[in-house]
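Asker: Here's the letter readout for the chains.
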Amino acid sequence: MSAILEPYAKGAAVARADEGAPRRVPVRRQSLQHSQVGPVLLAGIAFVYLGLVLLVPLAAVFVEALRKGAEYYWNSINEPDARAAIELTFLAAGVAVPLNLVFGVAAAWAVAKFDFRGKALLITLIDLPFSVSPVVAGLIYVLVFGLQGWFGPWLAAHDIKLIFAVPGIVLATIFVTFPFVARELIPLMQAQGREEEEAAVVLGANGWQIFSRITLPNIRWGLLYGVILCNARAMGEFGAVSVVSGHIRGLTNTLPLHVEILYNEYNSAAAFACASLLALLALVTLAIKSLIEAHHLKEDV
Amino acid sequence: MSIQVEHVSKRFGEFVALDDVSLTIEPGELVALLGPSGSGKTTLLRVIAGLEPLDSGRIYLDAEDATHKHVQERAVGFVFQHYALFRHMSVFENVAFGLRVMSRRERPSEAVIQEKVHRLLDLVQLDWLAKRYPHQLSGGQRQRIALARALAIEPSVLLLDEPFGALDAKVRKELRRWLRRLHDEIHLTSVFVTHDQEEALEVADRIVVFNQGRIEQIGAPDEVYDHPQTPFVYGFLGHANRFATSIKEGNAQIGAVSIPAPEFAGTPAQEGVAYARPHDLEIVTDPAAATLSATLEHATKIGPSVRLECLRADTQMPLDVELPRERYDELGLAVGQVIYLALRRAKVFPIRAEANA
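Sequence order for the protein chains is A and B. Quick note: the first sequence, position 82, residue 82 per our numbering, numbers continuous. Quick note: the second sequence, position 234, residue 1234 per our numbering, numbers continuous.
Hints should not be assumed to be uniformly reliable.
Said to hold, decoys possible - The calculated SDA-like cross-link candidates involving lysine to any residue, where the alpha carbons are at most 25 Å apart (straight line), are:
1) B:1069 - B:1020
2) B:1248 - B:1222
3) A:113 - B:1016
4) A:113 - B:1093
5) B:1170 - B:1306
6) B:1116 - B:1072
7) B:1069 - A:209
8) A:113 - B:1081
9) A:113 - B:1067
Everything labelled a hint here was simulated from the structure, so no lab data went into it.
Using the sequences and the accompanying hints, generate a full structural model.
Answerer: In structure tokens form, the structure reads like this:
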């Protein structure tokens, strides 16, 4: 408080001591005060809030993970069940991300460059996973493909297992992550319009040449950005995957599910060790995202 | 190469963009499609290029039916209103694009591409910008690069959509003279769309005036300007005064003035409209002659001529009059004064002709 008030007093003193000096000296000090205190205060609040809500927990993850030493940490993430979980997580993301990349580009291309019936409906459907709780998404698959579900008997008769098996996990992951690429690209492609593509076709380019030489280069940063977000979500997804997984250790556990199991078994050091991998993924994602944005900004200037 | 448009119609939902349009463009001509926005001129250009499918009618390029030919195969040069330069490619690559996407059989060698692109950049006087990117160029430079890019595929016709629309007035003037000279050099059949009458009058060999999806008039610039065939053309091309008139026995009566309208000699009496350019109204000092009396409200001196805003005494309608500066000084007119106007020339239309204007 006194630190804030001090300049006022000083300004007043200067004005009094030097009778001929312009009167606005204290006023200027005051306005300076205003312009500094406001932003600093706001930024301070933001930092404190973020620190409490984000940074402290993030740090806690790493501190807890390493509580029992580096060797324990290494063993926690290297034991067979953990490795199976890591592999399954990569598999699910490895299938979901490329599929949603193709779907996202195709959907964005259709929405942004063509007019057709049902366009508004398509855009709404793309947003569906954002508005539906992941748990509900998982349940839908159980209801449709589960043993008691619509296609359950047929699938069982043909010895196809989707629910409580790897395909179900991949399906749930695809469902939850499919808006990311499309959502990133649609506004971008809409803003870019059709003129460049039209110019290319008039110059004799065929469909593939237009896509690979004009459209793709124009959307590449947005596309990369969407893929990274999509990947982060695919690897971190818990709710939908949890419902369809069945939690079979070493078989249908993804990394987030594995963390939960370990934690429920009071093996918190191992749980945090695995959680730290996910946290690391988040940090790497963030770093790449910032790099892309910086690069993008530079290119735009 | 000639362009023939035969009975072309095109709708966008309920909106009629082109209504049974026919037009022939001779080889080597530079034609302007002129009209207000929404009159169908850009649609026609896009239909010729193949960018827009037509509902009915045919398009012939060099007497060959191109109606169902894909854009990619029509080999037309198209310059877009907002340039549509490929933003991620250098100027050089933009111009080279049309050559690089050719099938392997037709594609020229890298050396030929290099040579050709630099020649085109020389033609538009921008070879020094080859390594730049579109966002580093001014509007006028972008437009010229877009033109060079369109010419790279050696198109048989060049189509330009509002080529100078997005440029400021000074650059626009320079560029359109430059385009005219360029056309005189290369003699490529060219069609450009514009809503700027001055641009059309200055650049084109022939002007096609569009209104509501139809062609109002086709003709050389001075012909269209001096002899408008419809009320719309009168109103759209240059300034014109409009008079309500009654037509009887080959004469049109405007207030106290009667002007001959021989084309209506055999028709029954009817209401009509007459149009006269501001410089076709002459100030006379003798009120006894057949004249319209008006009050002088305002005088604007622009260079060698003076533009007067007047108010007709009988109908209270505004009139524009233009006269040489010398004549104005000689008459010694003052604002508020009553003047007498003789109609040196006017064109009379039946009232229904105005329905589309």
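Asker: Hey, residue 1248 of chain B versus residue 1222 of chain B, does the alpha-carbon distance stay inside 25 Å?
Answerer: violated, 30 Å
Asker: Would you mind confirming whether the straight-line C-alpha gap from residue 1170 of chain B to residue 1306 of chain B stays at or under 25 Å?
Answerer: holds, 24 Å
Asker: For the pair we were handed, residue 1116 of chain B and residue 1072 of chain B, check the Cα-Cα distance against 25 Å.
Answerer: It holds: about 21 Å lies between the C-alpha atoms, which stays within 25 Å.
Asker: Need the status of pair residue 113 of chain A, residue 1067 of chain B: alpha-carbon distance at most 25 Å?
Answerer: holds, 23 Å
Asker: Does residue 1093 of chain B sit within 25 Å of residue 113 of chain A, going by the straight-line distance between their CA atoms?
Answerer: holds, 24 Å
Asker: Compare the distance between the alpha carbons of residue 1069 of chain B and residue 1020 of chain B with 25 Å, and conclude whether the hinted pair is satisfied.
Answerer: holds, 20 Å
Asker: For the pair supplied as a hint, residue 1069 of chain B and residue 209 of chain A, confirm whether the alpha-carbon distance does not exceed 25 Å.
Answerer: holds, 19 Å
Asker: Quickly compare the C-alpha distance for residue 113 of chain A and residue 1081 of chain B to 25 Å and report which way the hint goes.
Answerer: holds, 18 Å
Asker: Within 25 Å, alpha carbon to alpha carbon, are residue 113 of chain A and residue 1016 of chain B?
Answerer: holds, 23 Å
In this structure, the one hint that does not hold is number 2.
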